[in-house]
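> So the protein sequences, as listed, match chains R and F. Take any residue in the first sequence, note its place counting from 1, add 19, and you have its number in this note's numbering. Take any residue in the second sequence, note its place counting from 1, add 64, and you have its number in this note's numbering.
Careful, some of the hints might be misleading.
[Stated by the list, open to error] Some chain R residues judged to face chain F by a derived CB distance under 10 angstroms, without partners named:
1) 52
2) 62
3) 83
If you're looking for bench data, these hints aren't it; they were derived computationally from the structure. We put the beta carbon where it would ideally sit given N, CA and C, even for glycine.
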Amino acid sequence: DAGITQSPRYKITETGRQVTLMCHQTWSHSYMFWYRQDLGHGLRLIYYSAAADITDKGEVPDGYVVSRSKTENFPLTLESATRSQTSVYFCASRDRRDTQYFGPGTRLTVL
Amino acid sequence: AQSVTQPDIHITVSEGASLELRCNYSYGATPYLFWYVQSPGQGLQLLLKYFSGDTLVQGIKGFEAEFKRSQSSFNLRKPSVHWSDAAEYFCAVGADNQGGKLIFGQGTELSVKP
Numbered sequence: 020d021a022g023i024t025q026s027p028r029y030k031i032t033e034t035g036r037q038v039t040l041m042c043h044q045t046w047s048h049s050y051m052f053w054y055r056q057d058l059g060h061g062l063r064l065i066y067y068s069a070a071a072d073i074t075d076k077g078e079v080p081d082g083y084v085v086s087r088s089k090t091e092n093f094p095l096t097l098e099s100a101t102r103s104q105t106s107v108y109f110c111a112s113r114d115r116r117d118t119q120y121f122g123p124g125t126r127l128t129v130l
Numbered sequence: 065a066q067s068v069t070q071p072d073i074h075i076t077v078s079e080g081a082s083l084e085l086r087c088n089y090s091y092g093a094t095p096y097l098f099w100y101v102q103s104p105g106q107g108l109q110l111l112l113k114y115f116s117g118d119t120l121v122q123g124i125k126g127f128e129a130e131f132k133r134s135q136s137s138f139n140l141r142k143p144s145v146h147w148s149d150a151a152e153y154f155c156a157v158g159a160d161n162q163g164g165k166l167i168f169g170q171g172t173e174l175s176v177k178p
């Protein structure tokens, strides 16, 4: 189906483990984004990508790594998860009119 | 610094009543403005957007918003609220020179009383 998907939808992990959240879009949008959503903070940008192999930091990048080898995929990796990274993570892609379309989110719990 | 403020964290309205959600922005460039809605456990869905032209913008689900440059505001309105409108609403702002990035407000949670 066309659109933007995220996997897994739910993830529980332990402190110190590596976790990768996947994001896939079928529109061939150049721009993709990762946000985290926490109570009282709205959505905060973690990383974004303007095209394959081009990524840049957002507002809260510490503790996260991204890659973009293909236009349609934009995985987010927590190299050593911490409790403060417990959050809901949203991926988005942007069309040529600057409108962002969001995935359904991944709820991550770090114990 | 660029920012988006949604002054109301939580609003409760009766079904059938009118609704206005406030959004104020601080942005140096000519802004693009968006309203998104998020139902519980879901991602964000675009309600409407303003890029240029007519300052009154119509969106989906009967929502509209008005861009007022003099007040740096982009308030969302609906003349008659339905119970299914209960959700969280986010205002966001972007600009040509921001690489497609958006800045989001903290959100306003809307509850609807029967």
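> Have a go at the residue 52 (chain R) hint: is there a Cβ in chain F nearer than 10 angstroms to its own Cβ?
holds (7 angstroms)
> Does residue 62 (chain R) pass the interface check with chain F, least Cβ-Cβ distance below 10 angstroms?
holds (4 angstroms)
> Quick check on the hint: residue 83 (chain R) CB to chain F CB, less than 10 angstroms?
violated (16 angstroms)
The structure does not agree with numbered hint 3 stated previously, though it agrees with all others.
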